[in-house]
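Peer 1: Model the placement of chain B on the given structure of chain A, informed by the hints.
Those protein sequences? They're chains A and B, same order as listed.
Counting from 20, one number per residue, gives the positions in the first sequence under our numbering.
Counting from 54, one number per residue, gives the positions in the second sequence under our numbering.
Just so you know, nobody snuck in bad clues.
In silico DSS-like pairs for lysine-lysine, Cα to Cα no more than 27 Å straight-line:
{"#": "1", "chain 1": "A", "residue 1": "Lys451", "chain 2": "A", "residue 2": "Lys480"}
{"#": "2", "chain 1": "A", "residue 1": "Lys569", "chain 2": "A", "residue 2": "Lys619"}
{"#": "3", "chain 1": "B", "residue 1": "Lys173", "chain 2": "B", "residue 2": "Lys162"}
{"#": "4", "chain 1": "A", "residue 1": "Lys124", "chain 2": "A", "residue 2": "Lys134"}
{"#": "5", "chain 1": "A", "residue 1": "Lys36", "chain 2": "A", "residue 2": "Lys372"}
{"#": "6", "chain 1": "B", "residue 1": "Lys206", "chain 2": "B", "residue 2": "Lys114"}
{"#": "7", "chain 1": "A", "residue 1": "Lys318", "chain 2": "A", "residue 2": "Lys280"}
{"#": "8", "chain 1": "A", "residue 1": "Lys577", "chain 2": "B", "residue 2": "Lys64"}
{"#": "9", "chain 1": "A", "residue 1": "Lys577", "chain 2": "B", "residue 2": "Lys60"}
{"#": "10", "chain 1": "A", "residue 1": "Lys480", "chain 2": "A", "residue 2": "Lys336"}
{"#": "11", "chain 1": "A", "residue 1": "Lys43", "chain 2": "A", "residue 2": "Lys336"}
{"#": "12", "chain 1": "B", "residue 1": "Lys64", "chain 2": "A", "residue 2": "Lys619"}
{"#": "13", "chain 1": "A", "residue 1": "Lys575", "chain 2": "B", "residue 2": "Lys64"}
{"#": "14", "chain 1": "A", "residue 1": "Lys529", "chain 2": "A", "residue 2": "Lys569"}
{"#": "15", "chain 1": "B", "residue 1": "Lys114", "chain 2": "A", "residue 2": "Lys577"}
{"#": "16", "chain 1": "A", "residue 1": "Lys480", "chain 2": "A", "residue 2": "Lys463"}
{"#": "17", "chain 1": "A", "residue 1": "Lys102", "chain 2": "A", "residue 2": "Lys169"}
{"#": "18", "chain 1": "A", "residue 1": "Lys169", "chain 2": "B", "residue 2": "Lys110"}
{"#": "19", "chain 1": "B", "residue 1": "Lys162", "chain 2": "B", "residue 2": "Lys114"}
{"#": "20", "chain 1": "B", "residue 1": "Lys206", "chain 2": "B", "residue 2": "Lys162"}
{"#": "21", "chain 1": "A", "residue 1": "Lys372", "chain 2": "A", "residue 2": "Lys43"}
{"#": "22", "chain 1": "A", "residue 1": "Lys372", "chain 2": "A", "residue 2": "Lys134"}
{"#": "23", "chain 1": "A", "residue 1": "Lys43", "chain 2": "A", "residue 2": "Lys22"}
{"#": "24", "chain 1": "A", "residue 1": "Lys169", "chain 2": "B", "residue 2": "Lys114"}
{"#": "25", "chain 1": "A", "residue 1": "Lys43", "chain 2": "A", "residue 2": "Lys318"}
{"#": "26", "chain 1": "A", "residue 1": "Lys321", "chain 2": "A", "residue 2": "Lys336"}
{"#": "27", "chain 1": "A", "residue 1": "Lys619", "chain 2": "B", "residue 2": "Lys60"}
{"#": "28", "chain 1": "A", "residue 1": "Lys565", "chain 2": "A", "residue 2": "Lys463"}
{"#": "29", "chain 1": "A", "residue 1": "Lys169", "chain 2": "B", "residue 2": "Lys206"}
{"#": "30", "chain 1": "A", "residue 1": "Lys463", "chain 2": "A", "residue 2": "Lys540"}
{"#": "31", "chain 1": "A", "residue 1": "Lys463", "chain 2": "A", "residue 2": "Lys451"}
{"#": "32", "chain 1": "A", "residue 1": "Lys565", "chain 2": "A", "residue 2": "Lys577"}
{"#": "33", "chain 1": "A", "residue 1": "Lys588", "chain 2": "B", "residue 2": "Lys114"}
{"#": "34", "chain 1": "B", "residue 1": "Lys60", "chain 2": "A", "residue 2": "Lys575"}
{"#": "35", "chain 1": "B", "residue 1": "Lys114", "chain 2": "A", "residue 2": "Lys102"}
{"#": "36", "chain 1": "A", "residue 1": "Lys372", "chain 2": "A", "residue 2": "Lys336"}
Label-pair distances were calculated between CB atoms; the ranges are:
{"#": "37", "chain 1": "B", "residue 1": "Glu144", "chain 2": "A", "residue 2": "Gly567", "range": "36 to 46 Å"}
{"#": "38", "chain 1": "B", "residue 1": "Asn142", "chain 2": "A", "residue 2": "Gly567", "range": "32 to 42 Å"}
{"#": "39", "chain 1": "B", "residue 1": "Asn142", "chain 2": "A", "residue 2": "Leu165", "range": "23 to 33 Å"}
Please keep in mind that the hints were generated in silico from the structure rather than gathered at the bench.
Small disclaimer: the values here were computed from a predicted structure and weren't measured.
Virtual Cβ for every residue (Gly too), placed ideally from N, Cα, C.
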Amino acid sequence: MAKTLFEWDYSDYPGAKTYPHLFKPIQIGNLMVPNRIKYAATEDNLNGHDGFVTDAGVEYMRQRAIGVVGGLCFMQGVYMDEKRQGQGYVGQAACWDDKFVPGLKRISDAIHEAKAVAGFQLMDCGRVGAVEVDYCHGPSAVPQRLRIFKPVQEMTNAHVKTMIRQHVDAARRGIEAGFDIMEISGIVGYLISNFISSYTNRRTDEYGGDLRGRMQAVVEIIQGVKDVCGADIPVGIRLCSEELLDDVRGNTPEESMETYKMAEEAGADYISCTLGWQESIYPVISRDIPMGNWIHLAKRAKEHVNIPIQMAYRLFKPGLPNEKIGAGELDIWEICRSMIADPHMPKKVAQGKEDEIRHCVACNLCLARLFRDAPMTCYINPVCAHEWQDEFANPKAAEEEKEVMIVGAGPAGLECAYMAARRGHEVHVYDKRDVIGGTLNEAKNAPYGDDELWTCIEYQKVMCEQAGVNFHLGTEVTEDLIEEEMPDTVVLATGPAYSRIEASGGDSDKIVNLLDVMSGKVEVAETVVMYGNRKPGIGGALHLAKQGKKVTIVGKEKSAGFDVNPSFKWRYMIYMRQNGITVYNDCDIEEVTDEGVIVKAFDGVRWPIQCDTVVISDRGPNESLKKTVQSEGIELFVIGDALIPRNLSSAVHDGYRVGIRL
Amino acid sequence: MPVDTEKEISKMHRMLHSTRNEIGKTYYRWRQVAIEFAGDDAKPLDVSLRAAEIFGKDIGKSFLPRMNWLKGEEGFLMILARSLAGLWNTEGGLATVEKGENPGEILIKCLRDPWPTWAKEYGAPMEEVALCRERMYQTILEDVSAFMNVPLKIELQKAISRGEGETVMRLSKAEQG
Numbered sequence: 020m021a022k023t024l025f026e027w028d029y030s031d032y033p034g035a036k037t038y039p040h041l042f043k044p045i046q047i048g049n050l051m052v053p054n055r056i057k058y059a060a061t062e063d064n065l066n067g068h069d070g071f072v073t074d075a076g077v078e079y080m081r082q083r084a085i086g087v088v089g090g091l092c093f094m095q096g097v098y099m100d101e102k103r104q105g106q107g108y109v110g111q112a113a114c115w116d117d118k119f120v121p122g123l124k125r126i127s128d129a130i131h132e133a134k135a136v137a138g139f140q141l142m143d144c145g146r147v148g149a150v151e152v153d154y155c156h157g158p159s160a161v162p163q164r165l166r167i168f169k170p171v172q173e174m175t176n177a178h179v180k181t182m183i184r185q186h187v188d189a190a191r192r193g194i195e196a197g198f199d200i201m202e203i204s205g206i207v208g209y210l211i212s213n214f215i216s217s218y219t220n221r222r223t224d225e226y227g228g229d230l231r232g233r234m235q236a237v238v239e240i241i242q243g244v245k246d247v248c249g250a251d252i253p254v255g256i257r258l259c260s261e262e263l264l265d266d267v268r269g270n271t272p273e274e275s276m277e278t279y280k281m282a283e284e285a286g287a288d289y290i291s292c293t294l295g296w297q298e299s300i301y302p303v304i305s306r307d308i309p310m311g312n313w314i315h316l317a318k319r320a321k322e323h324v325n326i327p328i329q330m331a332y333r334l335f336k337p338g339l340p341n342e343k344i345g346a347g348e349l350d351i352w353e354i355c356r357s358m359i360a361d362p363h364m365p366k367k368v369a370q371g372k373e374d375e376i377r378h379c380v381a382c383n384l385c386l387a388r389l390f391r392d393a394p395m396t397c398y399i400n401p402v403c404a405h406e407w408q409d410e411f412a413n414p415k416a417a418e419e420e421k422e423v424m425i426v427g428a429g430p431a432g433l434e435c436a437y438m439a440a441r442r443g444h445e446v447h448v449y450d451k452r453d454v455i456g457g458t459l460n461e462a463k464n465a466p467y468g469d470d471e472l473w474t475c476i477e478y479q480k481v482m483c484e485q486a487g488v489n490f491h492l493g494t495e496v497t498e499d500l501i502e503e504e505m506p507d508t509v510v511l512a513t514g515p516a517y518s519r520i521e522a523s524g525g526d527s528d529k530i531v532n533l534l535d536v537m538s539g540k541v542e543v544a545e546t547v548v549m550y551g552n553r554k555p556g557i558g559g560a561l562h563l564a565k566q567g568k569k570v571t572i573v574g575k576e577k578s579a580g581f582d583v584n585p586s587f588k589w590r591y592m593i594y595m596r597q598n599g600i601t602v603y604n605d606c607d608i609e610e611v612t613d614e615g616v617i618v619k620a621f622d623g624v625r626w627p628i629q630c631d632t633v634v635i636s637d638r639g640p641n642e643s644l645k646k647t648v649q650s651e652g653i654e655l656f657v658i659g660d661a662l663i664p665r666n667l668s669s670a671v672h673d674g675y676r677v678g679i680r681l
Numbered sequence: 054m055p056v057d058t059e060k061e062i063s064k065m066h067r068m069l070h071s072t073r074n075e076i077g078k079t080y081y082r083w084r085q086v087a088i089e090f091a092g093d094d095a096k097p098l099d100v101s102l103r104a105a106e107i108f109g110k111d112i113g114k115s116f117l118p119r120m121n122w123l124k125g126e127e128g129f130l131m132i133l134a135r136s137l138a139g140l141w142n143t144e145g146g147l148a149t150v151e152k153g154e155n156p157g158e159i160l161i162k163c164l165r166d167p168w169p170t171w172a173k174e175y176g177a178p179m180e181e182v183a184l185c186r187e188r189m190y191q192t193i194l195e196d197v198s199a200f201m202n203v204p205l206k207i208e209l210q211k212a213i214s215r216g217e218g219e220t221v222m223r224l225s226k227a228e229q230g
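Isolated chain A (complex conformation) (with noise of 0.2 Å):
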């Protein structure tokens, strides 16, 4: 008999019946599990710095507990050395020493108190650890290919089994602080899948050689994690299915899959299945990548094993989880990033309100942060990491009811507006625009996966109605418009300003707007100049190229692309030489002549590039109104773009701020 930790029935949840594969109880081992539904592992650099769990790692906890709605909540890897080798972030909660399980049981206690199914990870992060010391540790010192981490120490044979036996003392622990089910990480480039890897593991000893020798440690972490876990706590484990690794002689899929079938002979009770590492040339999780792009792998999986399958890897939508589970391809849906971004995503899709999820736009920003050694943070989601501050995450109502005005219904904006509305203001929104969602409208057109972006606007138009915010569409707010109303705040939200190009032959007609252009409203010739080389160039010029369009960019950035995050930006250096665009940084435009336009270095050195239009995409900060509103004596705010122009989550991200603040 399977135990069952909590009851849940979902027959009064909408969502159930739309989606009843995601809603029907699972067993994993001994452990009866009611939904198909994981929050996977994540780190969040949220514990501190010397291991120990702090409130800001339990309250993100407990918010990505309730949201899984009954199903499985696994906390963030573990490393477990204490000469911190095996860490790889420097907010990673520690397991080396009976000390810690303390902090560990708050977790637990967090993901209970959800009724939920508590997750332990452990987690040696091997080739891309060591993040506080000067020396990682592998099965072989194979240089790094990347210089953002430490150079390895090949492990000994003692340090092996020394390894192996801090799995299971860590594993001890996690039973001891309350978890249910144990998983253990072998994936992108930990020191699991550093042993199990060709390209990595070079021993001769028996921890080496063959896929078998190679998956010798793997194989007794198990049986010892196993061993001290007994009949009731499952114990899994996250492998790659493909290493994405060829190119530096990796294991071939065909190994990957020997792989799990060995993790389940050694009594392995689910696998996660995951593919590439971080040293792999091929994206695999950013937006360019479809939806959907790599279920194909869990469906192999299962043919290979019988033991439940779960994978994440954008799958950010409940319905193909939800038809592959039905098919017989997959057993749980692994959910991360869409749960940075929404903890309560899936309680949403329960409860038959996916319009109120707002979804991960797949940018890695929150990758990107924890590579830098910087808290989590989500690009869309402004409380991300704030969860345990009250006044931020659960602002208290207004404590005076204002008349706000907030001038623009793009994403800045409507996230003020809703949050303001919600606090008990009375508030506006105006846009010259008949519609709202300000550029957003003209940037979701860019290739490689921008239209996701929109799903922004969806969520804040939601929440704006049930707020109650009173929308002035197709209203251009000028200073009688303000002087007639005078609200008792006004929110500029306007978007950018775009330059000009102050030079002679600026006023030429062969200069157009890039909102025109994304628009489809302005003709473009065949040879084009965007004058920007920031992420809004970047998206005009990929989608000029992609019309078969000779696009050049010239950007006052020392690099293009310097305001997106460095986890995106090679997908965009990529695709600029895919789509054959020559790309001028440092340099200005002198002039604009009847050929094209006479580009300047910083340095002075001067050139020609012929072309039939010029697109400005620069941008500067809007400051119309400004003065208006503040010789009015009128409360005054400026986010997003008007106050300076950068990218869609500091849109997010002020008006929330602001919102919260009214």
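Peer 2: Using the frame of chain A, we list chain B on its own:
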């Protein structure tokens, strides 16, 4: 103001050559500093070879992201050889790559090299230039070999001391030792 293209290109060309020239001279100025600090017991050649190792170690790291086995052993060796030749060219050399007579052997030939000229200007021996080049490339290959799990070696075959004529280096797979 119309652009005088010839003038702009010649200006950039001058700047490129000045920059290369200054970098080469700066190396030898620092070499002098290092020799002075190393003391009378140190041999200048040893100091320079150690510098070549440090350069090679760092440059080797930048090679690793580009290493790729998808085109097989021959393709990999050719990409590596082109990267080594490209490094030489960036410094102002004129290096090319061609297949050797034996399988798995690639020759890197440098027809023109500015380093001997700078060495002469600062009183460094000519043979030091060739030996440092060889040591730097050997150090680069240490990391590349370890990374790709392929033993590699590079040997100086011929060196023209004044930077004229032809310097030849041979890249090949080493015997498994």
